[in-house]
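From first to last, the protein sequence lines stand for chains A and B. To convert, note that position 28 of the first sequence is 28 in this note's numbering; the numbers rise steadily by one, no gaps. To convert, note that position 279 of the second sequence is 279 in this note's numbering; the numbers rise steadily by one, no gaps.
Treat the hints as calculated values from the structure; they're not laboratory data. Treat the hints with care, as some may be off.
Between beta-carbon pairs, the in silico distance windows are [claimed, not checked]:
no.: 1; chain 1: A; residue 1: L106; chain 2: B; residue 2: P89; range: 27 to 35 Å
no.: 2; chain 1: B; residue 1: L71; chain 2: A; residue 2: L106; range: 35 to 43 Å
no.: 3; chain 1: B; residue 1: E152; chain 2: A; residue 2: V111; range: 52 to 60 Å
no.: 4; chain 1: A; residue 1: R96; chain 2: B; residue 2: D166; range: 42 to 50 Å
no.: 5; chain 1: A; residue 1: F101; chain 2: B; residue 2: D57; range: 24 to 32 Å
no.: 6; chain 1: B; residue 1: V17; chain 2: A; residue 2: G128; range: 56 to 64 Å
no.: 7; chain 1: A; residue 1: P47; chain 2: B; residue 2: S136; range: 55 to 63 Å
In this text, a Cβ means the ideal position worked out from N, Cα and C, and glycines have one as well.
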Amino acid sequence: MRRLCLASGLAFLVVFSLGPFVWSFLTSLKGGRELFSIPPTYFPQSPSLEHYTGVFEQRPFARYIGNSLIVGAGSTLIALGAASLAAYALARLRIRFSGAFEKALLLLALVPPALLVIPLHDAARLTGLSNSRLALILIHAALNLPFAVWMLTAFFRGIPGELLEAARLDGLSRVQILRRIVLPLAAPGLAATAILVFIFSWNEFALALTLLTRDDVRTVPVGIAMLSGVTVYEVPWGQISAAVVMTTLPVVAAVILFQRWIVGGLTAGALKG
Amino acid sequence: MADVRIDRVSRMFEPPVPAVAEVSLRVGDGEIVTVLGPSGSGKSTLLRLVAGLEKADAGDILIADRRVNDLEPGQRDVAMVFQSYALYPHMTVFENIASPLRVRGMAPEEIETRVRRTAERLGLAALLDRRPRALSGGEQQRTALARALVREPKAFLLDEPLSNLDAALRERTRRDIKTLFRQIGATALYVTHDQVEAMTLSDRIAVMKAGRIEQIGTPEEVYDRPATTFVAGFVGSPRMNLLPADVLTPGGGGTVGVRPEDVTICADGPLELEVALRESLGSRTLLTLRRGPLEITVLVTSRDAPSGTARVRIDPTRAHYFDADGKRRSA
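Required output: the full structure, derived from the provided sequences and hints.
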């Protein structure tokens, strides 16, 4: 009985979460007329890939993807680089106020990014970084930093202290210990953190929308939202759906591939409190 | 190799309780000194102070006549073997052993020669491409030892290096380490809570309790003339009997210590006690005798083990006399 409840609950959750995505997927395969047919069809009668080719041929979708990749990769690299240094210090060095620092980081992570849209927009304009992907890279990196530090700290704490002491006796410097011992051993943690940071950047909308107004620097989420038809009244649902599917699938694939480590990372150190 | 001098070194963790209090100890060139003590006695902290993993709050640490208090662990030219071995799990045995040499920027051919020679010596030559996970406990232990040996350091620091091995392997490794250290004339500071290890391995033993050294001496000195009741009770197995002194000399104060093998059972013995427990050790049997609050353990040959009651005699010339504060009475 309990198993049945659990199973049906889970089934409901899966259907509920997957629903919009499945609907997008089905829509993306429908031809032009079928999209608007009444009553609506659930399964495409004559599936076609015209919208998939359409977003590349009629829209600068490849450019959006490129922009998103640049922003995502750039912000992930910066966030991880800075976070691994901070996390190593928090996890392994005896520093005054490190406990307070850690808590302050968590508080920072709670600030809703939407609050920052206007001040950041002003800041970007003042520094001449409006419409620059660099601005978005830096901001995404900064917003993710608390989370990345927190997550990597948990991973670094999981590395036995005696290993690092042995490395100190071997004569490795702090930086060498980080590079040759800590980072290789925390590779799964780095991968998991990188994916989560990248996904944040990949999906982030509000800042990308306000900071990047020129079409050639737009990222995928903004690009999709800006897809419009020939007239204001026409919404190109087919192409929007195709774009959504194409931006979601790689992320889902990555998460499935790394889910063991992502879950491990979020719960690492949880038992030691 | 070189000598290591610890001069009135103290280390507080939670002041005012010192983990190590004004400890002085010298490990001579080519000498093996064991620090023996129960857990919490500060023996590991003492070792970590010499390694540089802890900073001394007071006192000096000298390696080869050079004060090293302010040097990083890697600059002190000492090698340490950890209880957990602390092998780098993502590196092969070869890379593990080579690690301290690589850091020093040694030429690859030289590293290759030295790692192979050390591995040969410790029977690891066939395992150089394995990762630590694929090794047995004994092999991991030898890899940790190899990583220390390959550096040819001024001194070796060993923190309970045998405690994760099973009994048979521990005994063999103990002998191997002693032979090896003698061959290369190693200066070694060796921390253990196992008094058999300390007795068999060392030139001298320093017995520690609550951050202080209770006694330093050769294994024979520590065994034959324990300086305090603590040392008397800690060194030697089975444990020495520590009895109120008036058992032997009526009216006398303090404590008298007598080893179970120095108590004899004989029909005209002055003390009569009941046999409360018999523990067979094979050819010998350990008897626990009791009368009221008085408890004496006696080691007898199994053939002669009595039951019921027994009369015992303590040889006064084999007894150790301690004052009320636990210090050995001179004489």
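Using the beta carbons of P47 (chain A) and S136 (chain B), state whether their distance is inside 55 to 63 Å or not. holds, 59 Å
Cβ separation of R96 (chain A) and D166 (chain B), checked against the hinted range 42 to 50 Å: Holds - the Cβ-Cβ distance for R96 (chain A) and D166 (chain B), about 44 Å, lies within 42 to 50 Å.
Between V17 (chain B) and G128 (chain A), does the beta-carbon spacing fit 56 to 64 Å? holds, 60 Å
Falls inside 35 to 43 Å, the C-beta gap from L71 (chain B) to L106 (chain A)? Since the Cβ atoms of L71 (chain B) and L106 (chain A) sit about 38 Å apart, the hinted range of 35 to 43 Å holds.
Go ahead and decide if the range 24 to 32 Å is satisfied by the Cβ distance of F101 (chain A) to D57 (chain B). 26 Å Cβ-Cβ, so the 24 to 32 Å window holds.
Indicate whether the distance between the beta carbons of E152 (chain B) and V111 (chain A) respects the range 52 to 60 Å. The hinted range 52 to 60 Å holds for E152 (chain B) and V111 (chain A), with Cβ atoms some 55 Å apart.
Is the hinted range of 27 to 35 Å satisfied by the C-beta distance from L106 (chain A) to P89 (chain B)? holds, 30 Å
Comparing the model with each numbered hint stated earlier shows that all of them hold.
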